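Chemist: Here's the letter readout for the chains.
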Amino acid sequence: MANGALGAPRVSPPQPVEKSEVAVMPKRGVKPLIKTGFSHIADRIFYFAMLACGVCVLALVGLIVYQLITRSSLSWHAFGWSFFFRSEWDPVNEQFGAFPFVYGTVVSSILALILAVPLAIGVAVFITEMCPVWLKGPLAFTTELLAAIPSVIYGLWAIFVLGPLLRQYLEPWLMRYLGWTGLFDGPPYGIGMLAAGIILAIMVVPIISSITREVMTAVPQQQREAVLALGATRWEMIRTGVLRNARAGILGGVILGLGRALGETMAVTMVIGNRPEISKSLLAPGYTMASVIANEFSEATTDRYLSALVEVGLALFIVTIIVNILAQILVWTVTRGTPARANG
Amino acid sequence: MGVGIKVEKLNAWFGKTQALHEITMEAPANHATAVIGPSGCGKSTFVRCLNRMHETIPDAKAEGRVMIGDLDVYNGTSPVQIRRRIGMVFQKPNPFPTMSIYDNVAAGLKLNGFHDRRKLNEIVEHSLKVAALWDEVKDTLHKKSGASLSGGQQQRLCIARALAVQPEVLLMDEPCSALDPISTGKIEELIFQLKEDFTIVIVTHNMQQASRVAEFTGFFLLGRLIEFDKTEKIFTTPSDKRTEDYVTGRFG
Amino acid sequence: MAETLIPREFSSAPIGIGRRITNYFATFAALAAIVLVLLPLGAIFAYLIYRGIGSINWAFLTQTPKPVGEAGGGMANAIAGSVLILGIASALGVPIGIGAGIYLAEYGRNRFGDLIRFTADVLNGVPSIVIGIVAYGLVVLTQGHFSALAGGVALAIMMIPTITRATEEMLLLVPNTLREASYGLGVPRWRTTLSISLRTATSGVITGVMLAFARVAGETAPLLFTAFGNQYWNWKISQPTAALSLQVFTYAISPFDEWHRQAWAGALILIFLIVLAVTAVRVATKYGTLSGA
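Residue numbers (the numbering used here), protein chains in the order written: chain R, 91 to 434; chain X, 690 to 941; chain P, 706 to 998.
It is worth saying that the hints were derived from the structure and are not from the lab. Owing to the predicted nature of the structure, the values given are computational and were not obtained by experimental measurement. Any given hint could be a false lead.
[Stated by the list, open to error] Dumping the calculated DSS-like pairs for lysine-lysine here, alpha-carbon to alpha-carbon at most 25 Å:
(1) K226(R) - K705(X)
(2) K818(X) - K833(X)
(3) K226(R) - K750(X)
[As the list claims (entries may be wrong)] The calculated label-pair distances, taken between Cβ atoms and stated as ranges, are:
(4) I942(P) - R134(R): 26 to 36 Å
(5) V773(P) - P228(R): 21 to 31 Å
(6) D133(R) - P800(P): 17 to 27 Å
(7) G891(P) - A308(R): 41 to 51 Å
(8) K833(X) - Y259(R): 53 to 63 Å
(9) Y156(R) - H804(X): 54 to 64 Å
(10) L153(R) - E775(P): 40 to 50 Å
(11) A132(R) - F940(X): 58 to 68 Å
(12) T727(P) - V251(R): 30 to 40 Å
C-beta: ideal position from N, C-alpha, C; glycine also.
The task is simple: from the sequences and hints, build the whole structure.
Modeler: As structure tokens, this is what we get:
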């Protein structure tokens, strides 16, 4: 506005407000709404703090790999690949061959799966498709309770209850009627490969069953109805309309169970007998990769001994990682809604 | 080849809520009967009671007399057997994604114990021809999965699958509502031809479709059958005021 | 479409007896599976109570182990040791886990975030004995002796993936409109995340923490050569420490009946605490995850 014609303004122009003060009058007790540049710095700090936590996760896996590789290098350089194919485990003469442990791990896990998979799928089928609605929740909760029991308690029960049961009843029976297979030779100790396989099976059922339930529930209701409308019995509907559609996910669950069985330590250590021997008989004692580490690590006297044990740990680590990744992919294909395609 | 459907005093419940009240009607053999009505009037529930699919829902119940030809649906025969004689096509096409096209069509037969390979091939080809899908899939019968087809093709596949077991009645629950107009046209043409050998009951919310495809129409409202007559009559000179209001678009 | 392709007798015949039998058998088999799975569960709890309840008394809960061969004594130091080790594990694992979860939910919707998510899943699947080896290398070797800290570090590593995933999931459930409302009021991002998003997701996050806690509370393998165990009281984090699970293991594999008896008692206490935690988690998920946030 031109102030020439009207002369000099009578009122002095308003004083500029100090830049750093708040622009809005704060009410008592409420923080000012407009902030200064300080919050920008706080945001950056917060971001980096959270980022650091995320990076921690990466760093941890990196650390695991680093530790395992460096601390096993002694043994690796001494034995190379043959480490996993030799059977001599002799700490006194510093000769280490891990084949008995590999054998024990594989056999106990496969035995566990053979027992666990039909049971787990049966449980999942019952809870998802056959069970009255009011029973579903309690049953699901109870089977998940099995997963919460610590390994050492399974082991305790296996030593004092399962072992004697096997020794007195099951193993003599197996020797009598199935001895011709050659799988049930030798004195029935109670503890041994069979006990380890059974206790592992019990421990692995909840995982397989819970994933199976998840993928079965993900199958759309229309698929079930389509099969029923063709004149199928209930079991045929479950088989063709649900299990068939969910099979990739079920396989994923089984493989996840395998991963768990491979790495399971305490319960197996307590009942497998801890003898580094390879035997065809399931009644014989054995040794697994996880068990040998658990039993001998704190008593490893020489560097090479320790290194050999770490190498066993490294192998276990790699195998379980591969198995777990495979399982995740399989489960992901079903629950993400990509239906399994027909082959060829 | 079709048989007539007689429904007498059919009632159905979802738990405590009654969804159908004393439905009585007759769908003549070798004709198409449309079931129309606003959302929630019970038309889907009605059709699902005809092949005892309604009772697969927990807490659901149905009572009454349903005769498919001389077969008493609710008395004496197991639901599994009923569903074998009555085919159903659903609103959203639901082919089996883990099976090839061939296996999809043959699924009903294999389930029922029919395993003669040569005969199966014949029936699959015949059903796909009837469903007007044969030419499009004959080269990839075993190679492509049921789910790899387009929406309209999938629905025709479902029709072929239902027809393969030679039902006497075909129930269709809004078969075209998930499809585009061209596929819808193809399926309506199909229904026209199927009438010669089957009795069809088709649920539809599309009144023009009912008038195109069906000779008879039943109008449902709030779980009751308000009027049942020749389609022409329902749409031009309905007897009940509520029917008139619905077909002229005053509600629903 | 002219002639009937399927013989008429076929379509009107009743369902084959074979199919009916298979149907009944399937139901029977599924039921049998349930029974076979619940049997060991029941047996384990039954034995724990049967063999353990008699040995839980005041002495058991307040005394340290007696020398081999002498009757009596208890697991007080083991219980205390577990508390110490789990405390260290939580102090390390909970903040990092929640922090990583916050990162993934708020800043990590990208490839780098995917990498972290994948790595967390990988970490989750690593056998606990291997984690023990790593903690041994990280802490025991650097310090020169076994310690509660080493045990705590091992357990913390195991807790992190569970907590991270739970936190991320819960934060993602918080509707964006809440965050936008907060920004609209001029609240800075860090404040919004903590006071609005995290506060809303609190019960879900706590559930995740308790789940992780229940999982590691019973772990023994990673403690075998980190915390190592101790016959006496120990409150120093840099000394070997007893733990309940370790003690149960040591006693169970020993040849002494007296120790076996105490192993059952210790196991009963352990399972009781874990069941408590698991049930609390269930109750919280059912009644409180996002309600009344």
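Chemist: Against each hint, give a clear statement of whether it holds in the structure.
Modeler: Against the structure, the hints come out as follows:
1. Of the supplied pair hints, the one linking K226(R) and K705(X) holds, its CA atoms being roughly 22 Å apart against a limit of 25 Å.
2. Proposed proximity of K818(X) and K833(X) is supported: the alpha carbons are some 18 Å apart, at most 25 Å.
3. For the hint linking K226(R) to K750(X), the alpha-carbon distance of about 22 Å falls within 25 Å, and the restraint holds.
4. Taking 26 to 36 Å as the suggested C-beta distance range, the pair I942(P) and R134(R) conforms, at roughly 33 Å.
5. A hinted range of 21 to 31 Å is violated for the C-beta pair V773(P) and P228(R), which are about 44 Å apart.
6. Between D133(R) and P800(P) the Cβ separation comes to about 19 Å, which falls inside the hinted range of 17 to 27 Å.
7. Distance hint check: the CB atoms of G891(P) and A308(R) are about 43 Å apart, consistent with the given range 41 to 51 Å.
8. A beta carbon spacing of about 54 Å between K833(X) and Y259(R) agrees with the range 53 to 63 Å that was offered as a hint.
9. A hinted range of 54 to 64 Å holds for the C-beta pair Y156(R) and H804(X), which are about 60 Å apart.
10. In this structure, L153(R) and E775(P) meet the distance hint of 40 to 50 Å, their C-beta atoms being roughly 43 Å apart.
11. In this structure, A132(R) and F940(X) meet the distance hint of 58 to 68 Å, their C-beta atoms being roughly 59 Å apart.
12. Against the hinted window of 30 to 40 Å, the Cβ-Cβ separation of T727(P) and V251(R) comes to about 36 Å, which satisfies the hint.
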